[in-house]
Amino acid sequence: MKEGFVVWFTGLPASGKTTLAMALEEELRRRGVEPVQRLDGDIVRQDLTRDLGFSKEDRDENIRRVAFVAGLLAKNGVAVLCAFVSPYREARRMARMKCPNFVEVYCRASLSALIERDPKGLYRKALAGEIRNFTGIDDPYEEPESPEVICDTDRETVEESLGKVLRYLEDRGLIPERAAARGAPHLAPRSPASPGHSASPVPPHGGTLVDLRVTGREREALIREAEDLPEITLDPYYVREFYCLATGVYSPLPGFMGEKAYRSVVESMRLPDGTVWPLPIVLPVEPGVAERLRPGGAAALVDGAGRLLGILEDVEVFAREPEWEAEHVFRTVSPDHPGVARLLSEPRTLVGGRVRALELPDPGFPEIARTPREVREEIARRGWETVAAFQTRNPLHRAHEYLLRCALEVCDGLLLSPLMGETKPGDLPAGVRLRTYRALLDNYFPEDRVLIAAFPANMRYAGPREAIFHALCRKNFGATHFIVGRDHAGVGDFYGPYEAQEIFDRFSPGELGIVPLKFRPAFWCKRCGGMATEKTCPHPESERVSLSGTALREMLRRGEVPPPEITRPEVARILIEAIGGGGR
Numbered sequence: 004m005k006e007g008f009v010v011w012f013t014g015l016p017a018s019g020k021t022t023l024a025m026a027l028e029e030e031l032r033r034r035g036v037e038p039v040q041r042l043d044g045d046i047v048r049q050d051l052t053r054d055l056g057f058s059k060e061d062r063d064e065n066i067r068r069v070a071f072v073a074g075l076l077a078k079n080g081v082a083v084l085c086a087f088v089s090p091y092r093e094a095r096r097m098a099r100m101k102c103p104n105f106v107e108v109y110c111r112a113s114l115s116a117l118i119e120r121d122p123k124g125l126y127r128k129a130l131a132g133e134i135r136n137f138t139g140i141d142d143p144y145e146e147p148e149s150p151e152v153i154c155d156t157d158r159e160t161v162e163e164s165l166g167k168v169l170r171y172l173e174d175r176g177l178i179p180e181r182a183a184a185r186g187a188p189h190l191a192p193r194s195p196a197s198p199g200h201s202a203s204p205v206p207p208h209g210g211t212l213v214d215l216r217v218t219g220r221e222r223e224a225l226i227r228e229a230e231d232l233p234e235i236t237l238d239p240y241y242v243r244e245f246y247c248l249a250t251g252v253y254s255p256l257p258g259f260m261g262e263k264a265y266r267s268v269v270e271s272m273r274l275p276d277g278t279v280w281p282l283p284i285v286l287p288v289e290p291g292v293a294e295r296l297r298p299g300g301a302a303a304l305v306d307g308a309g310r311l312l313g314i315l316e317d318v319e320v321f322a323r324e325p326e327w328e329a330e331h332v333f334r335t336v337s338p339d340h341p342g343v344a345r346l347l348s349e350p351r352t353l354v355g356g357r358v359r360a361l362e363l364p365d366p367g368f369p370e371i372a373r374t375p376r377e378v379r380e381e382i383a384r385r386g387w388e389t390v391a392a393f394q395t396r397n398p399l400h401r402a403h404e405y406l407l408r409c410a411l412e413v414c415d416g417l418l419l420s421p422l423m424g425e426t427k428p429g430d431l432p433a434g435v436r437l438r439t440y441r442a443l444l445d446n447y448f449p450e451d452r453v454l455i456a457a458f459p460a461n462m463r464y465a466g467p468r469e470a471i472f473h474a475l476c477r478k479n480f481g482a483t484h485f486i487v488g489r490d491h492a493g494v495g496d497f498y499g500p501y502e503a504q505e506i507f508d509r510f511s512p513g514e515l516g517i518v519p520l521k522f523r524p525a526f527w528c529k530r531c532g533g534m535a536t537e538k539t540c541p542h543p544e545s546e547r548v549s550l551s552g553t554a555l556r557e558m559l560r561r562g563e564v565p566p567p568e569i570t571r572p573e574v575a576r577i578l579i580e581a582i583g584g585g586g587r
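According to this note's numbering, the sequence shown is numbered sequentially starting from 4.
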């Protein structure tokens, strides 16, 4: 089930909160957004809050109850529209903490305009002393410091204010876009860079490109809030996971998984709403850290240097089952598997919650560091309708080059997407690999048909599951096709050579939304006089020019250039320098 959202209209009495909420309710239903539930004072006083008065304590309790109900509804897929004066910042902040996808709309109007408008005559009575503790007259209204939307309801028409709210909800990807129709609010054309949308022909996984970054006044307010929150320190591995969540690499995930999502993904490779997602994205913490966290509260996320990266909201603490997880995800509990070894070495307590990113960590390699949105915009600028992505954590030899050329024969463009996160000991350093990619692309591929962008995630070595994961993440970058070779994301002999290709057949094309390009190993055939695979070459293995990985590394270590049928000389020279000199 997809989460809903909460639009919280706040403002002085008679500022147009309920009118705007009713207009939004009508428009959402016109767009097919269901279910929608509007909550305002007249509705909740019938039962939920009829025992409350107008003291500060009762007003805070009123908002606490409403926020609890709104959050519960939104977590179950409802679009909730709340229209309440809610005069105190702290009460609104607590409401934000309880509600997923919280959108604060400040209905701003001058007091003089409200007194003149005054449909119920309440301002006149308050000014005459007939009503006590009336907000705006003898009781304070604390203006929002960083609302998502400000509607100047004393100067704007209802349609103009509604247009602002709709634009924000569209930009966040919380509601579908709708072309202007008769009677519908007129919205200005969207720029290609609008948050939540993409210029690439293929939609992101889940339909919305997640962007968890917070800016402006809201960011400033959250930075102040973080000063009083317990801290969770992220090591470099989880700093990269944070970056991938924040920039939408892991769309549609809104943060680190809670227990329900964790168990669903491990057992079924699906999120609780049925969306395909093969790997758990979780945050392990030491027991001492977990003890300082309040379920449902928030925590500050910091890096090893103590720099504030973001806030984890709606915190959930639960137990991890490493052996059970390893058996499902890696299909082994052997510590010889590098993914299992990492899993078994980590704490057995997990923390889930929504991420609010205040600062993006440096992903490294700035020349190829591009977010999914930036890659999608570049794909659109180049006019590519089909894009084949290639995942790699190794130098590219002639066999890889052949696969890339085949993909370019059927697609408009190629996205070379080297994994630049953590890999196992013994793998070549990322900087060396990047030099080999540049040498190959600069000398042997058309510049206008290849785009290189780092994949900032960590390597899990989860074989078939990770092949699906890599494909879905590249879909978020705008790829329509994904190259899957032999033993993709495998290690040792833990997986069969073609299991990573076969797993794609377990899902319908529609639920993956990206086309796998499955290739057999390529080689140079002396009789054919070129690169081929067993599907296209009839000749025996004796006609093939091949070297084992071990033999190739030994040649490079001795400073010998491998045959050009195996490796391009430009690539070989970089590898000889790196392997002979230790690599950097």
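Treat the hints as calculated values from the structure; they're not laboratory data.
There's no promise every hint is true.
[Stated by the list, open to error] Label-pair restraints from in silico Cβ distances: (1) 46 <-> 113: 20 to 30 Å; (2) 500 <-> 336: 19 to 29 Å; (3) 163 <-> 128: 28 to 38 Å.
By construction, the Cβ of each residue, glycine as well, lies at the ideal position given by its N, Cα and C atoms.
Could one say that the CB atoms of residue 46 and residue 113 fall in the range 20 to 30 Å? The hint (20 to 30 Å, Cβ to Cβ) holds, given that residue 46 and residue 113 are roughly 28 Å apart.
message: Taking 19 to 29 Å as the stated bounds, is the beta-carbon spacing between residue 500 and residue 336 within them?
response: holds, 22 Å
CB of residue 163 to CB of residue 128, is that within 28 to 38 Å? Once the Cβ atoms are compared, 30 Å apart, the range 28 to 38 Å for residue 128 and residue 163 holds.
The structure agrees with every numbered hint stated previously.
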